[in-house]
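These protein sequences, in sequence, are chains Z and F.
The first sequence: position 262 = 261 (numbering that gives the first Met the number 0), numbered continuously.
The second sequence: position 229 = 228 (numbering that gives the first Met the number 0), numbered continuously.
It is worth saying that the hints were derived from the structure and are not from the lab.
For each residue, glycine too, the CB sits at the ideal point set by N, CA and C.
Some hints here could point you the wrong way.
Said to hold, decoys possible - A few chain Z residues that face chain F, going by a derived Cβ cut-off under 8 Å, partial list only:
no., residue
1, R88
2, E96
3, E97
4, I134
5, F172
6, V200
7, A272
8, G273
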Amino acid sequence: MPLAFAALCPIWGMWRRKACFPWSLLGVAITSFLVWSLIGKVNASKVVAYNVSGWRPPWGIQIRIDYMGLLMACLITGVGLMLLIYSWRYIVSEIKEERIPYYYTLYLLIFTAMLGFSITSDLFNFFVFMEIFSITSYALVAISGERMALRAAFKYLLMGAISSLTVLFAIAFLYSATGSLNMLDISSRLKSTAYLPVASVALILFIAAFAVKSALFPVHVWLPDAHSIAPSPVSALLSALVIKMGVLGIFRILFTVYGHSFSGLSSTWNSIAGVVAWAAALSIILGSVMAIIQRDLKIMIAYSSVSQIGYILLGITLISTRGMAGGLYNIVAHAMGKACLFLVAGIFIYKHGLRRIENLRGIGRTMPVTAGAFALAALSIVGVPPSAGFVAKWYILWGCFQEGQYAFVIVVLLGSLLSAVYCFRVVYYMFFTGAGRPGVGLDEAPFTMLAPTAILSVGTLFFGIFATLLLPSLNNAARVLLLK
Amino acid sequence: MRKAAVLGALLIIGAMLLFAIGKMPAMNSRNAPDKTHVIPRYLEKGEEEGGAKNIVTGVILNYRGYDTMGEVTVIFSALCAVVALLDREKRGLSRSSPDASGVRSSVIVRTVVRFAFPVIVFFAVAYMMLHGEGSPGGGFQGGAILGASVIVFTLAFGLPESTRRMPLKVRIPLESTAIVGFLAMGIIGLAYGVNFLTYLLPGVHGAMAQTVRNLMMTVIEVGIGIGGGVIFISIVFAMMREDKYELQPDVPQP
Chain Z
0 MPLAFAALCP IWGMWRRKAC FPWSLLGVAI TSFLVWSLIG KVNASKVVAY
50 NVSGWRPPWG IQIRIDYMGL LMACLITGVG LMLLIYSWRY IVSEIKEERI
100 PYYYTLYLLI FTAMLGFSIT SDLFNFFVFM EIFSITSYAL VAISGERMAL
150 RAAFKYLLMG AISSLTVLFA IAFLYSATGS LNMLDISSRL KSTAYLPVAS
200 VALILFIAAF AVKSALFPVH VWLPDAHSIA PSPVSALLSA LVIKMGVLGI
250 FRILFTVYGH SFSGLSSTWN SIAGVVAWAA ALSIILGSVM AIIQRDLKIM
300 IAYSSVSQIG YILLGITLIS TRGMAGGLYN IVAHAMGKAC LFLVAGIFIY
350 KHGLRRIENL RGIGRTMPVT AGAFALAALS IVGVPPSAGF VAKWYILWGC
400 FQEGQYAFVI VVLLGSLLSA VYCFRVVYYM FFTGAGRPGV GLDEAPFTML
450 APTAILSVGT LFFGIFATLL LPSLNNAARV LLLK
Chain F
0 MRKAAVLGAL LIIGAMLLFA IGKMPAMNSR NAPDKTHVIP RYLEKGEEEG
50 GAKNIVTGVI LNYRGYDTMG EVTVIFSALC AVVALLDREK RGLSRSSPDA
100 SGVRSSVIVR TVVRFAFPVI VFFAVAYMML HGEGSPGGGF QGGAILGASV
150 IVFTLAFGLP ESTRRMPLKV RIPLESTAIV GFLAMGIIGL AYGVNFLTYL
200 LPGVHGAMAQ TVRNLMMTVI EVGIGIGGGV IFISIVFAMM REDKYELQPD
250 VPQP
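Pulled out of the complex, with its shape left as it was, chain Z reads as follows (with noise of 0.2 Å):
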């Protein structure tokens, strides 16, 4: 029986509409402190389950935080206080004053349903959520009003949209084939059903779309406008989460709707997570690639995002219990890593005006801290030991040894080696070239918007040595999924 559990309801009434910074500090970090207080209570085998009205789940809808979605949630609460804590500062700087609250109900609303998207059990539930981030998103992206933030938002809405619709789409037909909406339900029911196709034709439909929300490659032209044009803490949350709530999305079809032991469906559940790999495959390449290319800052930040997921979501389709858990090793690792990444950028922006590549010259001696933020987060997105993303590439690069993918043995180091050359690339611009202006001292930025970024750096580099923290319980849950 599902173990009765109200904390988690204080998280929907926190995003009430007062919105300021402090309202919306409170409610983050009381989120974030209820959230951190189940660690420990879920592990591989075990979740935490409270049923909303009280029905159960076939009947209504379940809450139900397994170890994935605590591990998201936990990032997705930890990160989020970052960025909330950096906008103060920065947004004031980007955006008309009279839209300031809306930014903060955005902020919020987005965050909620982040969070409901993560831990609920149910799948139009899970529709419902994908709905309120993809709505706020494109507001967000667009909400300095600026010509080129319309386009790259509008772009965005028009990929968005359309996934959004064939999700729901794919929904119908599952219902239509099992008659239930909640995940394990389906699941037990999809054993025995006798519409086969109807739910291959489903999970077709479901990947596609979540393809397009992480930015795999063929549909990954929307993220690199609307992740560099958005207010760079938006960027972040953009990078850092709301794209991997794309990948969950897949994470969720796969593996916890569908499983990869069907008899019905197992050749249609392996060619489809082929094809994710070869597509994650193209992603790093082809992501890094163009990042390399790039003069714009942000925008190369942004193609490495393309990468990175690659990478995650290579792991996460090898089928092996190493390259998953390198997989989902690289969400915490990429989340950090390009939120500070992010953050980086706008504090040059903020300061100076800067996004040009380029004109980051020496910047490395007036800002310190700054740029030795931007050092440490871009050596973990290249996965440079000790870093958390060395780690992660690591398993990624053990399962691919482990399922004999040698191609992508190939892919994955190249790609290292590619992201290798346009991160060191800034950091040399910005340490190793330009005579120190004289009479310059330090000029940083301010406290608020620092702390975060510092934190977030630092944090690449914690999780990078004390891996042992999240390793083992990822292995556990790795192979949990994969027996199933």
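With chain Z held as given, fit chain F onto it using these hints.
Frame of chain Z, contents of chain F only:
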């Protein structure tokens, strides 16, 4: 070339969807999975368990109340998105292009709207929202009608007039009534020690339980209705106003 590729992709997707529809269980079959799994319980026990004579209301407010709360939040997010991009109107000063053209709507239209307006509002509140749990209707429909009535009023009397009658100070708190209604009722359940959004409170029995449940559902319905309606009104106001026609504060009204 590009058009041909797009057409080809669309044909493939269309063929796939049609194939899946062809394989779906027949629409009117009694044995289709969607008619044999959860639906029977909703239909057979919905009235006594769900507490609403209208089964649809029972499902959306009780069995799947959490989803409905999400839907309400979607509408609220849409409002925030519109307002964040287009900004709020200025009370009594914002005008749309028809307002600025100087042509007033005819006396017949204005008179009819003046008579019809209260009737429409009464219909929305009394028949749709308050009766949602017993007969067809409900908060969403009532809200749509409420919003439409104000849109009709705005079309007949102009944006400055209707923004003066419904100032932001009143509308902003009302916009979140839908979500607040859900949260309040959910928290009442929590205070009684049952799960979020449970309407059957322990310690309340018999006819009293039924009354309490109906009351809670009605509060939510009215919340959805007023919140939804006001959100529609605000979205329309934000979309109708045009900066170039805005009046200056000291210029007298035409």
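Going through the hints against the structure:
The restraint placing R88(Z) at the interface with chain F is violated, with a minimum CB-CB distance near 19 Å, outside the 8 Å limit. The criterion of a C-beta within 8 Å of any C-beta in chain F is not met by E96(Z), whose closest approach is roughly 11 Å, and the hint is violated. The interface hint given for E97(Z) is met, as the beta carbon of that residue sits about 6 Å from the closest beta carbon of chain F, less than 8 Å. Nearest Cβ of chain F to the Cβ of I134(Z): about 5 Å, under the 8 Å cut. The hint holds.
Given hint, F172(Z) at the interface with chain F, holds; its Cβ is 6 Å from that chain's nearest Cβ, closer than 8 Å. Restraint check, V200(Z) versus chain F: the minimum CB separation of about 4 Å is within 8 Å; hint holds. Among the interface hints, the one on A272(Z) is violated; its C-beta lies about 19 Å from the nearest C-beta in chain F, farther than the 8 Å criterion. Restraint check, G273(Z) versus chain F: the minimum CB separation of about 18 Å is more than 8 Å; hint violated.
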